[in-house]
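> The chain contents come next:
There are 4 protein chains.
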Amino acid sequence: MSEIAHLGPVELLTPKAEESLAFFVDVLGMEIEARDGASVYLRGWGDYQRFSLKLTESDTSGMAVLGLRAWSQEALERRVAAVEAAGLGEGWTDGDLGRGPSYRFRDPDGHVFELYFEVERYKAPEHLRPSLKNQPQRYVGRGCAVKRLDHVNVLAADVRPNREFAVDALGYRLYERVELEDGTESGAWMSASIAAHELIYTSDAYKAHGRLHHLAFWVDTREEVLRAADLFIEHDVHIEAAPSKHAIAQGFFLYGYEPGGNRIEVTTGGYFVYDPEQPAVVWNEAERKLGQAWRVKTVDTFHTYGTPPVE
Amino acid sequence: MSEIAHLGPVELLTPKAEESLAFFVDVLGMEIEARDGASVYLRGWGDYQRFSLKLTESDTSGMAVLGLRAWSQEALERRVAAVEAAGLGEGWTDGDLGRGPSYRFRDPDGHVFELYFEVERYKAPEHLRPSLKNQPQRYVGRGCAVKRLDHVNVLAADVRPNREFAVDALGYRLYERVELEDGTESGAWMSASIAAHELIYTSDAYKAHGRLHHLAFWVDTREEVLRAADLFIEHDVHIEAAPSKHAIAQGFFLYGYEPGGNRIEVTTGGYFVYDPEQPAVVWNEAERKLGQAWRVKTVDTFHTYGTPPVE
Amino acid sequence: MSEIAHLGPVELLTPKAEESLAFFVDVLGMEIEARDGASVYLRGWGDYQRFSLKLTESDTSGMAVLGLRAWSQEALERRVAAVEAAGLGEGWTDGDLGRGPSYRFRDPDGHVFELYFEVERYKAPEHLRPSLKNQPQRYVGRGCAVKRLDHVNVLAADVRPNREFAVDALGYRLYERVELEDGTESGAWMSASIAAHELIYTSDAYKAHGRLHHLAFWVDTREEVLRAADLFIEHDVHIEAAPSKHAIAQGFFLYGYEPGGNRIEVTTGGYFVYDPEQPAVVWNEAERKLGQAWRVKTVDTFHTYGTPPVE
Amino acid sequence: MSEIAHLGPVELLTPKAEESLAFFVDVLGMEIEARDGASVYLRGWGDYQRFSLKLTESDTSGMAVLGLRAWSQEALERRVAAVEAAGLGEGWTDGDLGRGPSYRFRDPDGHVFELYFEVERYKAPEHLRPSLKNQPQRYVGRGCAVKRLDHVNVLAADVRPNREFAVDALGYRLYERVELEDGTESGAWMSASIAAHELIYTSDAYKAHGRLHHLAFWVDTREEVLRAADLFIEHDVHIEAAPSKHAIAQGFFLYGYEPGGNRIEVTTGGYFVYDPEQPAVVWNEAERKLGQAWRVKTVDTFHTYGTPPVE
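Residue numbers (the numbering used here), protein chains in the order written: chain A, 14 to 324; chain B, 14 to 324; chain C, 14 to 324; chain D, 14 to 324.
Any given hint might turn out to be false.
Same chains, same names: a pair is fine if it fits in one copy or spans any two.
Claimed, not checked - 27 Å max Cα-Cα, derived DSSO-like pairs, lysine-lysine: (1) Lys136 x Lys29; (2) Lys136 x Lys220; (3) Lys146 x Lys310; (4) Lys29 x Lys302; (5) Lys310 x Lys136; (6) Lys146 x Lys29; (7) Lys146 x Lys220; (8) Lys220 x Lys29; (9) Lys146 x Lys302; (10) Lys146 x Lys136; (11) Lys220 x Lys302; (12) Lys302 x Lys136; (13) Lys220 x Lys310.
Hints listed in this document are in silico derivations from the structure and should not be mistaken for laboratory results.
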């Protein structure tokens, strides 16, 4: 039981604001919930908060801030204390649209996070009112019709201290990791819930800091991932990796680059972790060389490309 | 954050031991993990414990015991104290195959539960060793190939006190419930995780006590539920409700009766609850009369049939 | 080998032109290819002709004309001769948008058909140009995104003579039929191809003439039919029968009423008939009482409702 | 309208009879219908004939004979005359299990075919009797549970004359082909029905003669192809190409090698060709370099590997 309820919203930077917005609205099928200056707030039809993605125009790409909602006010305070004890805290902010006081900090690699508890629940306007009252918003079905933000994969020059910080200070549970022959930890899959991954760290091939590997948005079925690939092609979205199944975490994926350059995944599947004593699965180098679940070799860029670009 | 990790294993009684066993092995596709006297221990390919179903020959049908695993030894002790404080405790047992000391109690309606923490993790024999090391067992694909026990729906003469007990003493979270015009609570959907339902109470039409509505086994896709319906028909399993989508919890279902008379569901889908402050959705009588998600009227027996049969 | 290549386009009447058009464009996801007076010509993304549905404003509902394309000019002439020999011909017309000279006739029940061969193939405008050149149009993915017209089910006061005419004069192959205990033929499923049904006759409960049971539009997967049900609900489309599997022809279906009152099916699945000597499957009354493939009882209106309404 | 009803049965050679048989029975899920000497006759649950695959022990791999059923006795005679006129006929044989007199010939590349009309329809034994009478056999659901043989892809040192022979003498329709910059035809996709491909010729990288590229077996859904990949992995079947979508013919595929070395596809999807005047789609070299439908680069062996192996 983690004291983190879930991650998100996430703020994403794009040097091509208009094209990126068109991608998230027309291709991914998200709704514009609000606008503020250079930012547009976007949501999937299953997000209970007002938004899960804040898209901000910038001179570069990458992730600006990753929100983490605590389970309670007390949980928030305990996590803030732990972060401060780790010497990584930066202090309280007023929060953002739809959320209250937030505590800003950086992970060892330099990514910016904000911990918070108070939120505003989403209220659908008339044209987005759902037919089923246990659903936050109408299912419009536009584009890929992603349901919600699912997980975030960040890059780190050195994975291990970031994983340790996430586990020790934030309370994430480690479900899977990769350890190379030289002892380097090249990836760590963590979760605050029974879902097999929510926060992922993988090695930055350039040893750069604070970069993003990808944001993943959820759909309920593998068929929707396959359909998403058709939509990506029809919208000239660059597909980096066509739909298939990961060995690690067993998620079903489609990876493409949004116009601003950030890697976006449409995802579903994976397994649930019900065992409170679940031991972390450790993959070695030989096992990783077998490829993904169905022996597909991962495309090279998947191990090197991140945002913002490296000079 | 509940202190219950998950429910199960469940002990199910059957007056037709051989036919019921054939159903769970050949139709649902479970594996026999062990046998002991009149009982056979069965597992899905995704169960991390040795088994999730104990099938026991008896002169009647219904549920004998529902296990509940606590998150930790301390959580177990706190839950036991809460149950004892509610005056419903019956005392410690030695547990069962693959699990340690267990605390036996009854819910207000009379169903028997056992709370425990210590378990033995499953180790696959050679012929059931999986190709992916993050999976407990090989995917054999026999029959419906259910992955694991997902949720349990019990009947209660009076739902409300049972729901209150589950929330207050056990720490379940209430996600949805039905309240009739006369104020009666006719159903309550609760969970210890982000899954939309794990423990369900619905009204017993006969005001009988301790009866079972159904056990639900998980598959990963809706296509597998549709395929399960084909297999049910080919195996002469009585289908009570063909595949469709529930309004409540939005689960995708197939209901049939196993040879011993117990109602079994093959299920997938539903939504995840990430909001720690999630308010319970309350459905009224008029809303329930609209039928299921796609306006299918539920077959009458679904509201009356349970096991063991009422005299 | 029938001399009919396929059926369609079909002309459908609606007393609610605007709402019906919104249904076919926004919910079914068809494109407007042309307009002419009180008619709008609509197409699915997989139609090779310019359109498969001509929607015409009228004071009532129902089917105005069903097109049948012959395999060749010679096949057309032979079929026309056969129709004339049956005494049901009405003569040549100039055709319609995108098709040449057409021979008009009525089946014994009175439905109007037009036989033709010459057509104009669809050329996609820039914004609908597909990424794959073996596809007539871009997959836009709007609404149910139906691919093409699949089959048509008309009602007849007496099924048998219509089935005999379709087989003898038009050259359809009979794959399945229902024969009641009194010898009445209550349904006949015919095809001009390996697809299990294209032209269906079922009994008109009111012994009325020339009425329509439903038009069926194809999607490639069962998941899209399930998704269509979600979209129907969100758009307040009346669902008459939620997704399930027919026993006859084994098609997977969703039935709803478009705003003009006509029954529309979203369909996929079924089997292919590769045997040139395939004997027709004959279902008797007892077998039909078992319900659909998964023992779902068909809703009563399915056996009585048709368009236009009976006085 | 071709005068060929469909292809199959196919006789496949294997140097590892026992392992190959286990693959077709346990992994693909076919039934053994008969045995005769070194051959085992196998069927999918949807095959209307007694079998679609004859597996024969041999000192090598590859395809021995490909059957082609004519639409009628007259069609058979016309096709035999056309084959004889092309100078490729070898004469009549007594046929094989479940089929009558057959006319043996070779295509220009040297593959052996047999044309026939008379067949014995399959009658299911008690334990394989289906619940739906419009289905030849019970759906058992074992392994990949392939429904029937779908298409065959043979290799040819020179594709063009073989394609011309198939179109001119056999009456196949050409739906798609690839033409390289030097004018070479490197692939041709043909069909005798509305299905997008049944008989395929592609270039033999070694300019060898009479080799097989792959046999494809049909399943009804893409989800079953994904499930088949899980089963291949769990059974240690070599996956050459994980599930994805072809650009040509748009089929959804999974390719693996059966123990005897022959490439086997599990397939579904694709489009239907309803236009009797359908022009063949011609792909050029640049278009093929884009990869498959979702820009997956085809693995190199797919363009070189065939059976029997080249010395």
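> So, for every hint listed, does it hold in this structure?
Taking the hints in turn, this is what the structure says about them:
1. For the identical chains of this complex, Lys136 and Lys29 are neighbours neither inside a copy (30 Å) nor across copies (33 Å), given an alpha-carbon limit of 27 Å.
2. Neither within a single protomer nor between protomers do Lys136 and Lys220 lie at most 27 Å apart by alpha-carbon distance, with minima of 43 Å and 39 Å respectively.
3. Taking CA atoms no more than 27 Å apart as the test, Lys146 paired with Lys310 passes between copies only; the shortest distance there is 18 Å, against 43 Å inside one copy.
4. Taking the shortest alpha-carbon separations for Lys29 and Lys302, neither the intra-copy value of 36 Å nor the inter-copy value of 29 Å comes in at or below 27 Å.
5. In the homo-oligomer, the alpha carbons of Lys310 and Lys136 never lie at most 27 Å apart, since the shortest distance is 44 Å inside one protomer and 29 Å across protomers.
6. In this homomeric assembly, Lys146 and Lys29 never come within 27 Å of each other (Cα to Cα): the closest approach is 37 Å inside a single copy and 30 Å across copies.
7. Neither within a single protomer nor between protomers do Lys146 and Lys220 lie at most 27 Å apart by alpha-carbon distance, with minima of 47 Å and 29 Å respectively.
8. Only within a single protomer do Lys220 and Lys29 lie at most 27 Å apart by alpha-carbon distance; the minimum there is 26 Å, versus 51 Å between protomers.
9. In this homomeric assembly, Lys146 and Lys302 come within 27 Å of each other (Cα to Cα) only across copies, at 14 Å, whereas the closest approach inside a single copy is 47 Å.
10. Taking identical chains as interchangeable, the C-alpha atoms of Lys146 and Lys136 lie at most 27 Å apart only when both belong to the same chain, with a minimum of 11 Å there against 43 Å between chains.
11. When the C-alpha separation of Lys220 and Lys302 is checked against a cutoff of 27 Å, the pair qualifies only within one copy, where the shortest distance is 22 Å, while the shortest distance between copies is 34 Å.
12. Taking the closest pair of Cα atoms, Lys302 and Lys136 come within 27 Å of each other only across two copies (25 Å); inside a single copy the shortest separation is 47 Å, beyond that limit.
13. Only within a single protomer do Lys220 and Lys310 lie at most 27 Å apart by alpha-carbon distance; the minimum there is 23 Å, versus 29 Å between protomers.
In terms of the numbered hints stated before, the structure departs from hints 1, 2, 4, 5, 6 and 7, listed from lowest to highest.
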